[in-house]
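Next come the chains, spelled out residue by residue.
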Amino acid sequence: SQTIHQWPATLVQPVGSPLSLECTVEGTSNPNLYWYRQAAGRGLQLLFYSVGIGQISSEVPQNLSASRPQDRQFILSSKKLLLSDSGFYLCAWSLGNYGYTFGSGTRLTVV
Amino acid sequence: AQSVSQHNHHVILSEAASLELGCNYSYGGTVNLFWYVQYPGQHLQLLLKYFSGDPLVKGIKGFEAEFIKSKFSFNLRKPSVQWSDTAEYFCAVRGYSTLTFGKGTMLLVSP
Chain A
6 SQTIHQWPAT LVQPVGSPLS LECTVEGTSN PNLYWYRQAA GRGLQLLFYS
56 VGIGQISSEV PQNLSASRPQ DRQFILSSKK LLLSDSGFYL CAWSLGNYGY
106 TFGSGTRLTV V
Chain B
38 AQSVSQHNHH VILSEAASLE LGCNYSYGGT VNLFWYVQYP GQHLQLLLKY
88 FSGDPLVKGI KGFEAEFIKS KFSFNLRKPS VQWSDTAEYF CAVRGYSTLT
138 FGKGTMLLVS P
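Residue numbers (our numbering), protein chains in the order written: chain A, 6 to 116; chain B, 38 to 148.
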């Protein structure tokens, strides 16, 4: 069966520090991968999606970047975090026209 | 571009009351429609989905949703809510490729 792993679960980082959140999927090949940010009262905002290794589409220009170094690995990064980067980050995967499966999320607090 | 509007940000009901959460979408072509639920402290989970066929879709835990193409709506319903239905509910639409979420509706069911 397919599983999705996301870590860490919580993270507290100072302003200006770098960020790396990792997401891996098991049990499937060539999935579409997504990073969403969930903020209270604002729903889920799509940040990046990838349809293959090295292929990244950015939905919202901001202080973050994403990379897909392997088929089932998706990384969300920042060189210098801002206070406004605080939020709940969710990784998800999908195949074809099926629904998305979400990871457990990372609660990021920038202080 | 596709968009999703959820009518209510917060809903408070007593147990056994009936539930209807509104969802309207904007997209000119064929869509896939979803409702996701996030129980307190848990992952986002798929509640139900509509791809084609019967516009009345039945999901888990007694939920159903009706796709009304002429109204661009996909409202979620449950005849009798339980305390355990307390959660945040997200409507989502996929048009061309990615999933776009509404801002969510927080449902609080009082015993």
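Hints listed in this document are in silico derivations from the structure and should not be mistaken for laboratory results.
Virtual Cβ for every residue (Gly too), placed ideally from N, Cα, C.
One thing to keep in mind: the hints can contain errors.
[What the hints assert, rightly or not] Which chain B residues face chain A? A few, computed with CB under 8 angstroms, are given here:
#, residue
1, Val48
2, Phe71
3, Pro77
4, His80
5, Tyr87
6, Lys98
7, Thr135
8, Thr137
9, Phe138
10, Gly139
11, Lys140
12, Leu145
13, Val146
[Stated by the list, open to error] Taking CB as the label site, the calculated pair distances span:
#, chain 1, residue 1, chain 2, residue 2, range
14, B, Ala38, A, Gln60, 17 to 27 angstroms
15, B, Asp91, A, Lys84, 41 to 51 angstroms
16, B, Ser42, A, Ser34, 16 to 26 angstroms
17, B, Met143, A, Val17, 37 to 47 angstroms
18, A, Ile61, B, Asn69, 44 to 54 angstroms
19, A, Phe93, B, Gly99, 43 to 53 angstroms
20, A, Asn35, B, His80, 32 to 42 angstroms
Hint-by-hint comparison with the structure:
1. A distance limit of 8 angstroms between C-beta atoms decides the matter here; for Val48(B) the minimum to chain A is near 14 angstroms, and the interface restraint is violated.
2. At about 6 angstroms, the closest approach between the beta carbon of Phe71(B) and any beta carbon in chain A falls short of 8 angstroms, and the interface hint on this residue holds.
3. Because the smallest distance between the Cβ of Pro77(B) and any Cβ of chain A comes to about 13 angstroms, over 8 angstroms, the interface hint for this residue is violated.
4. A least Cβ separation of about 5 angstroms between His80(B) and chain A falls short of the 8 angstroms threshold, and the interface hint therefore holds.
5. Because the closest C-beta pair between Tyr87(B) and chain A is about 11 angstroms apart, greater than 8 angstroms, the hint is violated.
6. Of the supplied interface hints, the one on Lys98(B) is violated, with its beta-carbon coming no nearer than about 16 angstroms to a beta-carbon of chain A, more than 8 angstroms.
7. Interface hint status for Thr135(B): upheld, as the beta-carbon distance to the closest one in chain A is roughly 5 angstroms, under 8 angstroms.
8. The beta carbon of Thr137(B) comes within 7 angstroms of a beta carbon in chain A, closer than 8 angstroms, and the hint placing it at the interface holds.
9. Interface restraint check for Phe138(B): the shortest CB-CB distance to chain A comes to about 4 angstroms, inside 8 angstroms, so the restraint holds.
10. A hinted interface residue such as Gly139(B) counts as satisfied when its beta carbon comes closer than 8 angstroms to some beta carbon of chain A; here the least separation is about 6 angstroms, so the hint holds.
11. Evaluation of the Lys140(B) hint against chain A yields a held restraint, the C-beta minimum of about 4 angstroms falling below 8 angstroms.
12. The closest approach between the C-beta of Leu145(B) and any C-beta of chain A is roughly 15 angstroms, which is over the 8 angstroms cut-off, so the hint fails.
13. For Val146(B), the interface hint is violated, since its Cβ never comes within 8 angstroms of a Cβ in chain A; the closest pair sits about 20 angstroms apart.
14. Roughly 20 angstroms separates the CB atoms of Ala38(B) and Gln60(A), a value that falls within the hinted 17 to 27 angstroms.
15. The hint said 41 to 51 angstroms for the Cβ distance between Asp91(B) and Lys84(A), and at roughly 50 angstroms that hint holds.
16. Between Ser42(B) and Ser34(A) the Cβ separation comes to about 36 angstroms, which falls outside the hinted range of 16 to 26 angstroms.
17. Take Met143(B) and Val17(A): their Cβ atoms lie about 25 angstroms apart, and the range 37 to 47 angstroms is violated.
18. Our hint of 44 to 54 angstroms for Ile61(A) and Asn69(B) is violated, since their Cβ atoms are close to 23 angstroms apart.
19. A C-beta distance of roughly 28 angstroms is found between Phe93(A) and Gly99(B), which places it outside the suggested range of 43 to 53 angstroms.
20. In this structure the supplied range 32 to 42 angstroms is violated for Asn35(A) paired with His80(B), their Cβ-Cβ distance being about 23 angstroms.
Violated hints for the displayed structure, listed by number in ascending order: 1, 3, 5, 6, 12, 13, 16, 17, 18, 19 and 20.
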